[in-house]
Amino acid sequence: MRRQAIPELTYLQAISDGLREEMRADESVFCLGEDIGAFGGAFKVTDGFIEEFGEQRVWDTPLAENAIIGTAVGAAVEGLRPVCEMQFADFISCGFDQLVNVAAKLHYRQGLAVPITVRLPSGGGFSGGPFHSQNPEAWFLQAPGLKVVAPSTAEDAKGLISAAIADPNPVVYMEHKHLYRRVKGEVPEGRFQTPLGEARLAREGTDLTVITYGAMVLTALEATDDLDGASVEVLDLRTLYPYDRDAVLASVRKTSKVVVVQEATRSCGVAAEIAALIAEEAFEDLDGPVVRVTTPDVPIPFSPPLERAVLPQVDDVREACRELLAY
Amino acid sequence: MASTPATAKGTAGDTEVREARLTPDDRRALLRYMLLMRATEERALTLYRQGKVPGSFYDGRGQEATAVGPAFALGPRDRACILHRDLGAHLVRGVTPGRVLAQMMGRATGVTGGRDGNMHFADHQLGCVQMVSMLPDMALVTCGLGIAFQMRGEPRVAMTWFGDGATANGQWHEAMNVAGVRQLPVVFVLENNHWAYSTPNEREFAVDPVERAGGYGFPGVKIDGNDVEAVFQAAADACARARSGGGPTLIEAETMRMHGHGAHDDMSYVPKHMFEEWERRDPIRTYEERLSADGIDVEQVRASVAEELERETKWALEQPMPDPHTATLGVFADGDPELGDGQAPWSRWSGEEAGDS
Numbered sequence: 000m001r002r003q004a005i006p007e008l009t010y011l012q013a014i015s016d017g018l019r020e021e022m023r024a025d026e027s028v029f030c031l032g033e034d035i036g037a038f039g040g041a042f043k044v045t046d047g048f049i050e051e052f053g054e055q056r057v058w059d060t061p062l063a064e065n066a067i068i069g070t071a072v073g074a075a076v077e078g079l080r081p082v083c084e085m086q087f088a089d090f091i092s093c094g095f096d097q098l099v100n101v102a103a104k105l106h107y108r109q110g111l112a113v114p115i116t117v118r119l120p121s122g123g124g125f126s127g128g129p130f131h132s133q134n135p136e137a138w139f140l141q142a143p144g145l146k147v148v149a150p151s152t153a154e155d156a157k158g159l160i161s162a163a164i165a166d167p168n169p170v171v172y173m174e175h176k177h178l179y180r181r182v183k184g185e186v187p188e189g190r191f192q193t194p195l196g197e198a199r200l201a202r203e204g205t206d207l208t209v210i211t212y213g214a215m216v217l218t219a220l221e222a223t224d225d226l227d228g229a230s231v232e233v234l235d236l237r238t239l240y241p242y243d244r245d246a247v248l249a250s251v252r253k254t255s256k257v258v259v260v261q262e263a264t265r266s267c268g269v270a271a272e273i274a275a276l277i278a279e280e281a282f283e284d285l286d287g288p289v290v291r292v293t294t295p296d297v298p299i300p301f302s303p304p305l306e307r308a309v310l311p312q313v314d315d316v317r318e319a320c321r322e323l324l325a326y
Numbered sequence: 000m001a002s003t004p005a006t007a008k009g010t011a012g013d014t015e016v017r018e019a020r021l022t023p024d025d026r027r028a029l030l031r032y033m034l035l036m037r038a039t040e041e042r043a044l045t046l047y048r049q050g051k052v053p054g055s056f057y058d059g060r061g062q063e064a065t066a067v068g069p070a071f072a073l074g075p076r077d078r079a080c081i082l083h084r085d086l087g088a089h090l091v092r093g094v095t096p097g098r099v100l101a102q103m104m105g106r107a108t109g110v111t112g113g114r115d116g117n118m119h120f121a122d123h124q125l126g127c128v129q130m131v132s133m134l135p136d137m138a139l140v141t142c143g144l145g146i147a148f149q150m151r152g153e154p155r156v157a158m159t160w161f162g163d164g165a166t167a168n169g170q171w172h173e174a175m176n177v178a179g180v181r182q183l184p185v186v187f188v189l190e191n192n193h194w195a196y197s198t199p200n201e202r203e204f205a206v207d208p209v210e211r212a213g214g215y216g217f218p219g220v221k222i223d224g225n226d227v228e229a230v231f232q233a234a235a236d237a238c239a240r241a242r243s244g245g246g247p248t249l250i251e252a253e254t255m256r257m258h259g260h261g262a263h264d265d266m267s268y269v270p271k272h273m274f275e276e277w278e279r280r281d282p283i284r285t286y287e288e289r290l291s292a293d294g295i296d297v298e299q300v301r302a303s304v305a306e307e308l309e310r311e312t313k314w315a316l317e318q319p320m321p322d323p324h325t326a327t328l329g330v331f332a333d334g335d336p337e338l339g340d341g342q343a344p345w346s347r348w349s350g351e352e353a354g355d356s
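Chains C and Z supply the protein sequences, listed in that same order. Using numbering that gives the first Met the number 0, you'd call the opening residue of the first sequence number 0 and step up by one each time. Using numbering that gives the first Met the number 0, you'd call the opening residue of the second sequence number 0 and step up by one each time.
Okay, chain Z solo, but in the shape it has when bound:
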């Protein structure tokens, strides 16, 4: 399968986009966040099987590149609504693995303090708004973030992720339409992992969603969602375009959900050859091979991630459960807690251009 390099230039009229450059440190960071996502989710699955994670368990195995790549393009003052298969995006924005594990175990110091479970979290102090289970509701919230930037004339971007199944829902249309009508500074990342729970693409839509973008008045680009640099490049181009007033972009990142919808799902409905094909395209292994060929010490990154995860797991397991007396608190806000800025590890944001987001 050919991956089309994302060049928003080709579809964005005369809006100039910057070339997104990655330094060796950036590339190490991309690998590191993907490894950290996988390691954290593997550890969480172990904790789930040990009975330490209540409720159900969802992960994004195989989708590490579609999680990490787009988030890596965001500047500190950009905002994001992240989906439940995209732990790596939270890690990029600065959520620590320990807080993630505490979250999954329902601990008091988890990101939601036990108010919500599994991957239903976001740290607003890092510029993220928490997803709900109804999909793709957050696409509209993301448009609202974009409206705020647009009204204030700020060169900022709102990004969101959703799946292939979500494109069948009416709110997807509402979001695409609003974004197109107002030419909002929004980046939509469609993770086409081929399965909406057990329902394959051909039962979700008759026309590939990326082809629908033009119908809403903005470009769509389709890329190999397992190639982290391709995803990053597409997102960086889309962000640059949005930031300069060029409007929204739909990025369709083609990938594969290598685990079930949840830990309870044995995926008996997926043909074996799909796993084999996508296992060969594993986003982490293929990137490691690429970086090694370029002389980057992959083992060092792996070792540092393993060490970090041990430390974070130990911390998470020491965390207390929430006090039951707090269960009814916080239904209403007393003040106006606001979104803070997220971590933005891409070297661009610490360089001379860092001031413009």
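Chain C extracted, bound-state conformation:
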């Protein structure tokens, strides 16, 4: 069946749309989380869901993150496909035990699939402060058994939520709050999946590659749109685990210069992993050091000038690219 393009959904509408399509198509899919029912979710991703699907399939849970993830694991091994919402990505710390100790390891230990999706509204840029702005994706990369995705476009937001629900493993779905209403794009109607583990070339180029994901894809595109005539490739990872090694290495071999950009803090993050891969596998292809642009190792401050000072800005990316191009 040919998919029809419809004009412009926001990133947030695309997530809702994907989720709604999956719930309509498959009775085993259900949502659980805090304030997702009558209120429609803190960000309104599940707005109207309780009216359409009822309170059994749109469960307003008690304020208990381990309960959200733990009960999702139980329901999943009994054949349901739960989609958990953490009200903010930051609150995953309160459900971390169930995610990394129970959900992530069950298949390796017991051979039992745990098809749960955990949605994490993440990221900063709007004075959320230290507990409503974090990008905790690297935590999950140290918990084998979890897949992690981070869409940057409306189309991928829909395609990846569907793929996450279909996958028989626990998938952490990072949805960047700053993209919710800022990003719009054409999104095909009907059900479709963006394959897990496949990066997307956001822009082709030949002089330098920016490798990034989530909200930083926009930042990278803006920073390199007109960069002294340089041809800059932007690779959107989309899936952070298992990430697209082939796409990363192919781009490095093409441009020989790499800037890795992440909004998360610096140490042992996705950018560090990508830089390490390039150092191991593509050292001979490099014409300069791999450069990281990240938030420094600091909690995310509240006040706008402080927050701007730590989150990677367009100028930071531009400057890093300029320096590397001149290397």
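Treat the hints as calculated values from the structure; they're not laboratory data. It is possible that some hints are incorrect.
[Claimed, not checked] Per the computed footprint, the stretches of chain C lying under chain Z, defined by three or more beta-carbons under 8 Å from a beta-carbon of chain Z, are:
hint, stretch
1, 70-77
2, 101-108
3, 190-197
4, 206-215
Even glycine gets a Cβ: it sits at the ideal position worked out from N, Cα and C.
Assemble the complex: chain C is given as a structure, and chain Z must be docked to it using the hints.
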């Protein structure tokens, strides 16, 4: 110490519960599973001392009745998350002693194929989900199983076991609360064996956990955890109530951990008189006396268990170690392997009522 017979009827409002009857064969089976648990664990301890069991060793000596009794109440399509002191529950569901011993020795044909050790196993093809060391994490997973049954309108039960120490953890509260809010078809079996590793009850909680059940909106019953029929009866009542939409039950089975937390633990912190008291209440010996008085041939059961264990041990010792090349396989699932149904030896499930679970 008086044991209060568990009558969920008294606390379950107008929800009707069935009387749980045990035939002579059922009673023989209860004894058999308790004996098999003890014999398997004794053999495993020997293998551990011979250096054949890597890592550490944990058992449930003295807790055979709290393991076997509740599991015996489960129907084939019910589900369970079993704790590390409850080998007997796995045996009831159909795991063979040979696979248990192979599991403890890290063999390829152990229940987890060497992926996890000691009592950290469960056979999903027998309807069980494997515990983790963080306690009582599986109480929440059990609630999730119950949510699936509830959403689909199925008359099925999810059961889990946890210890006295686990009731001090925040996830215990989350599980009790969720079960109460949704009135889930869940049976919580609290094995109060008096010691959370070396920490006694009075340092774990100020209020007996069974008294907290009411605060979560469902009944709690306290029973003699060394009386296998009392434990079974309480569990059967709780299961019947859950199955008919009456919600969760917390069963506190009072028992005693007669061995250390692990084989390395000499239990120097336990007063001697406690061992003496609980040795007198040994769940197997007391049940044997009861069955003998009722004319059941206990020796025959013992002999059959001994014979079975020899055969199973021989098999386990012949099993290969896992291939090191497989160590990195299976982190992710390719398909959706599902939970299967467990063995349900209680005669009720082979009778005319067997169709409703």
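Taking beta carbons only, do three or more residues of the stretch 101-108 of chain C come closer than 8 Å to chain Z? n = 6 at 8 Å, threshold three: holds.
Verify this for me: three or more residues of the stretch 190-197 of chain C with a beta carbon less than 8 Å from a beta carbon of chain Z. violated (count 0)
Residues of the stretch 206-215 of chain C with Cβ under 8 Å from chain Z, three needed, outcome: violated (count 0)
Verdict on chain Z covering the stretch 70-77 of chain C, criterion of 3 CB contacts below 8 Å: With 8 residues in contact (Cβ-Cβ under 8 Å with chain Z), the coverage given for the stretch 70-77 of chain C holds.
In the structure shown, a violation is registered for the earlier hints numbered 3 and 4, in ascending order.
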